[in-house]
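Protein sequence lines correspond, in order, to chains A and B.
268 is the number that our numbering gives to position 268 of the first sequence; each next residue is one higher, with no gaps.
1401 is the number that our numbering gives to position 401 of the second sequence; each next residue is one higher, with no gaps.
It is possible that some hints are incorrect.
To be verified - Using 20 Å as the maximum straight-line C-alpha spacing, the simulated EDC-like pairs for lysine to aspartate or glutamate come out as follows:
| hint | chain 1 | residue 1 | chain 2 | residue 2 |
| --- | --- | --- | --- | --- |
| 1 | B | LYS1310 | A | ASP238 |
| 2 | A | LYS310 | B | ASP1143 |
| 3 | B | LYS1310 | A | ASP71 |
What the hints assert, rightly or not - Listed next, the stretches of chain B that the computed footprint assigns to chain A, with coverage defined by at least 3 CB atoms under 8 Å from CB atoms of chain A:
| hint | segment |
| --- | --- |
| 4 | 1221–1227 |
| 5 | 1302–1315 |
Claimed, not checked - Facing chain A, according to a computed beta carbon distance under 8 Å, are these residues of chain B, among others:
| hint | residue |
| --- | --- |
| 6 | SER1092 |
| 7 | VAL1235 |
| 8 | ALA1239 |
| 9 | GLY1240 |
| 10 | GLY1252 |
FYI, nobody ran anything at the bench for these hints, they're computed from the structure.
For every residue, glycine included, the Cβ atom is placed at its ideal position computed from N, Cα and C.
Residues per chain, in single letters:
2 protein chains.
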Amino acid sequence: MAERFTATYRIETPESPQAAAEAMAGEQSASTFVDVPGQTDDLQRRHGATVVDVTELETTTEPTLPGVDADADEYTRATVQIGYPLDNLGVSVPQLRTTVAGNVFEMQPLSGVRLMDIDVPAAYGSACPTPQFGISGTRDLIDVHDRPIVGTIVKPSVGLSPGETASLVETLVEAGVDFIKDDELIADPPYSRFEERVEAVMSVINEHESETGKRVMYAFNVTGDVDEMRRRHDVVRDAGGSCVMVSLNSVGLAGVLALRRHSDLPIHGHRNGWGALSRCPSLGFEYTAYQKLWRLAGVDHLHVNGIRNKFTESDESVVASARAVQRPIPGDDGALPVFSSGQWAGQAHDTYEALGNVDLMYLAGGGIMGHPDGPAGGVDALKQGWEAAMAGVSLAEYATDHAALRRSMEAFGDDE
Amino acid sequence: MAERFTATYRIETPESPQAAAEAMAGEQSASTFVDVPGQTDDLQRRHGATVVDVTELETTTEPTLPGVDADADEYTRATVQIGYPLDNLGVSVPQLRTTVAGNVFEMQPLSGVRLMDIDVPAAYGSACPTPQFGISGTRDLIDVHDRPIVGTIVKPSVGLSPGETASLVETLVEAGVDFIKDDELIADPPYSRFEERVEAVMSVINEHESETGKRVMYAFNVTGDVDEMRRRHDVVRDAGGSCVMVSLNSVGLAGVLALRRHSDLPIHGHRNGWGALSRCPSLGFEYTAYQKLWRLAGVDHLHVNGIRNKFTESDESVVASARAVQRPIPGDDGALPVFSSGQWAGQAHDTYEALGNVDLMYLAGGGIMGHPDGPAGGVDALKQGWEAAMAGVSLAEYATDHAALRRSMEAFGDDE
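With the sequences and hints as input, model every part of the structure.
Take a look at the structure:
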């Protein structure tokens, strides 16, 4: 039998999970509703997807999603694994998405269907762009090793002029951050044209580097048309910048692939819009599966939300996502998970315990800007929180002789 | 106040819908969790999104989506309209998506959030590519007017060699179809390289044209990297082909924009993966909103499923989608809705009644290939079904002196 790769789904169905899985395999490969002349046994053998495994889980008495038989006695949940012939698509990230995550979401008889994981074929690892910098390449550019990369986001999200942005960046680089990013809501609006913003911001960052030797990474949001993204990438690179950011769901796989093939810089992947694909637990994608597509396309940094975040995602999901981002797949040694949303030193211990390493970006907005002693205190407090976590010392104990951390706990301690 | 455009959402929340809507407006524009130096009243006035309307709907006692306060007494559903300053983003289709459909899906305090519609700003109509052919341009290329464009999909979806595909295409063009498309599962796999398939298929189509004068439109699936899509487009055009197909969700907005800017041919938009964004009624997108993004990017034909389809979508939703695709937005006169899945003459009356016009593609697989008299009988039956619908004559009455339709009803009548 020709080479196959598998995708794993969690489904719910009024029929037997085995029958439903066979329907999925048929729909996403060689079957049709009617017999057609070319549909031979030989073609089915070569190109038919197969059911590799079915593991039944619990049952429910109501269908979770509409559109299936609503009068069944019960709906069985199951984990099913489908094996796809690699030859059906060859190497193509967009076609991989269509094959494992196309019409399957609308299929009868599924009252639940979520893509949990993709076992990426080795051929993709060698033929796809994959991350150009990843964890170690990003660390080298910032020259931060053996601790998380500490960063922040320019706020307000929209409305600051290039000069106002640069002025905030000056405060932030002086405070000691390693990394700063544009908000996803700003790309090239009339009030802050991309080139002007890059010029204003990089002038601050370059001057800071020449004074201190520290090169802060700024992720400029290049999101746009392909030609725009490539041109903006060049503007960033030529100004001495070291990172470009892109809104993955707004640009799409082909756009990110085009940027990656052109890029000399790490690609910071923002996942805004991800909630639409993930918030219904019985539909869409698990991030474990989804983030693999973007890594094949060449994204270096991937947002994962944060422990005790201000959005709706559970800590369990955040941790599973971050672990998945760090885990190597064919073609890379892992990508860099980016923690953000409501982060301060208070989540350092739990984050460290969940991952067992410090290969991550740790972004704080209020945790830095809202520190009682100002941004420098905020950055110090974050670093001290992580020192405590890595040393296995409690936050409270470490705070006794670390003033910034202590002040931070007084300000944000309720969030812990 | 500067120019604004609105987006409409259906939400569910344990808080007051007004408060939830204000949180949405803040998150998607100028607000942050903490006060920062640049956040002035003036900035808020210029760049803050505003709540334009809140209409309360029913309440429920359980939250539909997880991640919000689960112990509230009730969760109120509402339709809310948010006004965004156009200046926040300028003209950019990817940034439009991030602005109206980004982090909002993961927001506290929303236990339901679905983007229902976007009031596209006029500036987008003049600056975005928009469809190059649309309804009338597509009709001109096929030379079919005053009735639906009747077509089919090559099946089996995967596994046919270029020669086998061409041989099936020969059968289909002789049967009288106007339009044929690749399945979304085939693009450029090792067993049917794109260029070879185009050469084999276009040789049949060109020969058919030179014999009969009829130029059948074939939508070749160019889905892939940007450079691949552009190159494949050229291969199709140079071989005399008249359409390219792309899997929208697998390629993304930037990829489709890049193809559109290069293209001399209509773009046939396949929406596989759409179910992940739409099947949970309290999450994701209504197609009315979603399809506008793709039309701004330049897609001419948009799949809408079909009445009494074999997937999970309701007829009500199919009809709403098709009407939305036909309705003009800034920059176009409407796009062409593509009906498919379990279609035969039996749905012609209901489809015609729902739309009030015949500006659509009507694709049938089994309805053509499975006709008792063969594909020619299938195509004749489809056309006769639509003649009956347009004449206001019942299918049964029209079938009395139209044999192909009669035989079709005998074969598929149970589906009606």
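Taking the closest Cβ pair, is ALA1239(B) under 8 Å from chain A? For ALA1239(B), the interface hint is violated, since the closest Cβ of chain A sits about 21 Å away, which is over 8 Å.
Restraint check for LYS1310(B) with ASP71(A), where alpha carbons must lie at most 20 Å apart: Within the cut-off at roughly 18 Å; holds.
Status of the GLY1252(B) interface restraint (C-beta, 8 Å, chain A): Because about 1 Å separates GLY1252(B) from the closest Cβ in chain A, which is inside the 8 Å limit, the hint holds.
For the hint on SER1092(B), just tell me whether its beta-carbon gets within less than 8 Å of chain A. holds, 6 Å
Examine the segment 1302–1315 of chain B for residues whose CB is less than 8 Å from any CB of chain A, and state whether their number is three or more. Since 6 is at least three, the answer is holds.
VAL1235(B) as chain A interface residue, shortest Cβ-Cβ below 8 Å: violated, 16 Å
Is the hint on GLY1240(B) kept, meaning its closest Cβ partner in chain A is under 8 Å away? With Cβ-Cβ at 24 Å, over 8 Å, it is violated.
Hinted pair LYS1310(B) and ASP238(A), Cα distance within 20 Å: violated, 54 Å
Within the segment 1221–1227 of chain B, is the number of residues with a Cβ closer than 8 Å to a Cβ of chain A three or more? holds (count 5)
Take the C-alpha atoms of LYS310(A) and ASP1143(B), compute the straight-line distance between them, and say whether it is at most 20 Å. Distance of about 56 Å is beyond 20 Å: violated.
Going down the numbered hints, you'll see the structure goes against 1, 2, 7, 8, 9, while the others check out.
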